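From first to last, the protein sequence lines are chains A and B.
Our numbering applies: residue 46 is where the first sequence begins, and numbers increase by one.
Our numbering applies: residue 46 is where the second sequence begins, and numbers increase by one.
Hint data in this document are derived by calculation from the structure and do not stem from the laboratory.
Just so it is clear, the structure is predicted and the values come from calculations on it, not from any experiment.
Ideal Cβ positions, reconstructed from N, Cα and C, are used throughout, including at glycine.
A hint or two may mislead.
[Unchecked claim] Under 8 Å between C-beta atoms, here's a sample of chain A residues computed to sit facing chain B:
(1) Ile85
(2) Cys95
(3) Thr96
(4) Ala101
(5) Ala102
(6) Tyr125
(7) Trp150
(8) Glu209
(9) Leu248
(10) Ser254
(11) Asp259
(12) Gly271
(13) Val272
(14) Gln288
[Unchecked claim] For each label pair, taking beta carbons as the anchor points, the in silico distance ranges come out as:
(15) Asp186/B with Glu295/A: 36 to 42 Å
(16) Glu168/B with Arg201/A: 42 to 48 Å
(17) Thr244/A with Ala101/B: 36 to 42 Å
(18) Lys301/B with Glu168/A: 34 to 40 Å
(19) Ser298/B with Glu144/A: 22 to 28 Å
(20) Asn206/A with Asp306/B: 46 to 52 Å
(21) His173/B with Glu198/A: 33 to 39 Å
(22) Asp306/B with Ser202/A: 38 to 44 Å
(23) Thr313/A with Ser255/B: 22 to 28 Å
Spelled out from the first residue to the last, the chains are:
2 protein chains.
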Amino acid sequence: MNIGIVGLGLIGGSLGLDLRSLGHKILGFSRREQTCQMAIERGVVDDASCTPHILAAAEVVFICTPIAAIAPTTQSVVPYLSRDAIVTDAGSVKKAVVEAVAPLWHNFVGGHPMAGKAESGLEVAERHLFVGKPYVLTPVDTTPVDAVKTVEEIVRSLGANVFECRPEDHDRAVAWISHLPVIVSGGLIAACMSEGDRTALELAQQLASSGFRDTSRVGGGNPELGVMMAKYNREALLRSLHQYRLCLDEFISQIKAENWDSLEQQLTRNQQARPKFIKE
Amino acid sequence: MNIGIVGLGLIGGSLGLDLRSLGHKILGFSRREQTCQMAIERGVVDDASCTPHILAAAEVVFICTPIAAIAPTTQSVVPYLSRDAIVTDAGSVKKAVVEAVAPLWHNFVGGHPMAGKAESGLEVAERHLFVGKPYVLTPVDTTPVDAVKTVEEIVRSLGANVFECRPEDHDRAVAWISHLPVIVSGGLIAACMSEGDRTALELAQQLASSGFRDTSRVGGGNPELGVMMAKYNREALLRSLHQYRLCLDEFISQIKAENWDSLEQQLTRNQQARPKFIKE
Chain A
46 MNIGIVGLGL IGGSLGLDLR SLGHKILGFS RREQTCQMAI ERGVVDDASC TPHILAAAEV
106 VFICTPIAAI APTTQSVVPY LSRDAIVTDA GSVKKAVVEA VAPLWHNFVG GHPMAGKAES
166 GLEVAERHLF VGKPYVLTPV DTTPVDAVKT VEEIVRSLGA NVFECRPEDH DRAVAWISHL
226 PVIVSGGLIA ACMSEGDRTA LELAQQLASS GFRDTSRVGG GNPELGVMMA KYNREALLRS
286 LHQYRLCLDE FISQIKAENW DSLEQQLTRN QQARPKFIKE
Chain B
46 MNIGIVGLGL IGGSLGLDLR SLGHKILGFS RREQTCQMAI ERGVVDDASC TPHILAAAEV
106 VFICTPIAAI APTTQSVVPY LSRDAIVTDA GSVKKAVVEA VAPLWHNFVG GHPMAGKAES
166 GLEVAERHLF VGKPYVLTPV DTTPVDAVKT VEEIVRSLGA NVFECRPEDH DRAVAWISHL
226 PVIVSGGLIA ACMSEGDRTA LELAQQLASS GFRDTSRVGG GNPELGVMMA KYNREALLRS
286 LHQYRLCLDE FISQIKAENW DSLEQQLTRN QQARPKFIKE
């Protein structure tokens, strides 16, 4: 199959490496000539170009740009696609993306490969990045069934675990497990830094160990990514934040009132609930 | 030196293993005969007993019981100690402990070895548990200087990094980096479980990965320990929770108002501040 990849970063590059090794012909499109050259040299693509004509032969096109660029990029490349080409994306939010992109191309399937690394860029692209990772597809009423089937087969061949759901359900789920944690964790760092007692702050910095390290990890991550997720998944994130605040207030009330039985019951429910999310 | 250890769990047992290998004579005291037997068999102590008379020969005594038992246990053993014996404890909060224990014995030095494991009990005691870990000593105005010096020398011989501060400073610092994270992280689990949309909740449970795992880890831990830290460090924890809530509300306001510049500035400050706590 001829597969086009638009945006040759970590995700686009890793898709290219895997799909090429599965026997597909990979056609890369990037704005930067240097990236096209590197993609060819690293064997990520069979051919790459800075002009979208290269996508004319593609049967399936993966749009792997940052979220904000997905809709404008799709708009700029669709005039060059063959009539039956299927377009899919790799954005980490789906409602806003699907609403913007579906009207631009009849054969569009929203997608979210949930594989990432701390670093980004083609330099860190690698084979088998998607193995055992969730890959969510979010077809809507107007999405052609055959297009979903084709994308699903490709994704399955990467070794990913395919999930299919509505864009809204995806966004609510990732608000809970991916976007809310960034704010919760970021609040922890911000609160610590607000400590006005210099002795206590310096001591805290010296004594911090694994508990603080783990709880603060995602809150200390890439600021641009944090803003993107808040911007494009604002509604679901605010919904989760509202619930989080209620839970936090409940904890504060229990501690203020010295209601230790209630606190222990809640902490016990948490202990029991966590394994439903995490299999360690 | 003759060193007494009261409470033969993870901390008491690990202290015994290390101090014994350094040439000290270790005298164990536990309420349970079975624990005394096991401590002797495992080489944690030279001798152990269920009666406090065994502590009469001790020059330094480590009280390694759970927090709630530190003061009553100290009260019950001091009548058996030699007049010059130094008592120190291993409780994870210090103001409440020092206020309760200092009046019971003139030669008392508050201490907190910040080494732990997910499991507890003598079965998981191990050598070198304290190497490279912080060990905080919290003398007060009435604490004899020589007692602090002696405890500090012993602690240093374990390979721990010794810190010395007031009990209140210790409690504020651990509220930030140890106790606040438990509530922040617990709130995340509680909020997720409050999701009324079954599809989104089940999807969230299936899609959760490293970000959720790390942010929720300490919130899904031992409920009794969580209650203990809230109970005995209530004042400092409420102070930290108050600040945390302000920071959370600021994030919520920024997202509601779509004030992306402010959000990015805050996330950037977080990214810059985290390495001051964590050297990864």
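Right, here's what the structure says about each hint:
no. : hint                               : result
1   : Ile85                              : violated, 32 Å
2   : Cys95                              : violated, 30 Å
3   : Thr96                              : violated, 32 Å
4   : Ala101                             : violated, 35 Å
5   : Ala102                             : violated, 34 Å
6   : Tyr125                             : violated, 32 Å
7   : Trp150                             : violated, 26 Å
8   : Glu209                             : violated, 10 Å
9   : Leu248                             : holds, 4 Å
10  : Ser254                             : holds, 7 Å
11  : Asp259                             : holds, 4 Å
12  : Gly271                             : holds, 4 Å
13  : Val272                             : holds, 5 Å
14  : Gln288                             : holds, 5 Å
15  : Asp186/B with Glu295/A: 36 to 42 Å : holds, 39 Å
16  : Glu168/B with Arg201/A: 42 to 48 Å : holds, 45 Å
17  : Thr244/A with Ala101/B: 36 to 42 Å : holds, 39 Å
18  : Lys301/B with Glu168/A: 34 to 40 Å : holds, 37 Å
19  : Ser298/B with Glu144/A: 22 to 28 Å : holds, 26 Å
20  : Asn206/A with Asp306/B: 46 to 52 Å : violated, 37 Å
21  : His173/B with Glu198/A: 33 to 39 Å : violated, 53 Å
22  : Asp306/B with Ser202/A: 38 to 44 Å : holds, 42 Å
23  : Thr313/A with Ser255/B: 22 to 28 Å : holds, 25 Å
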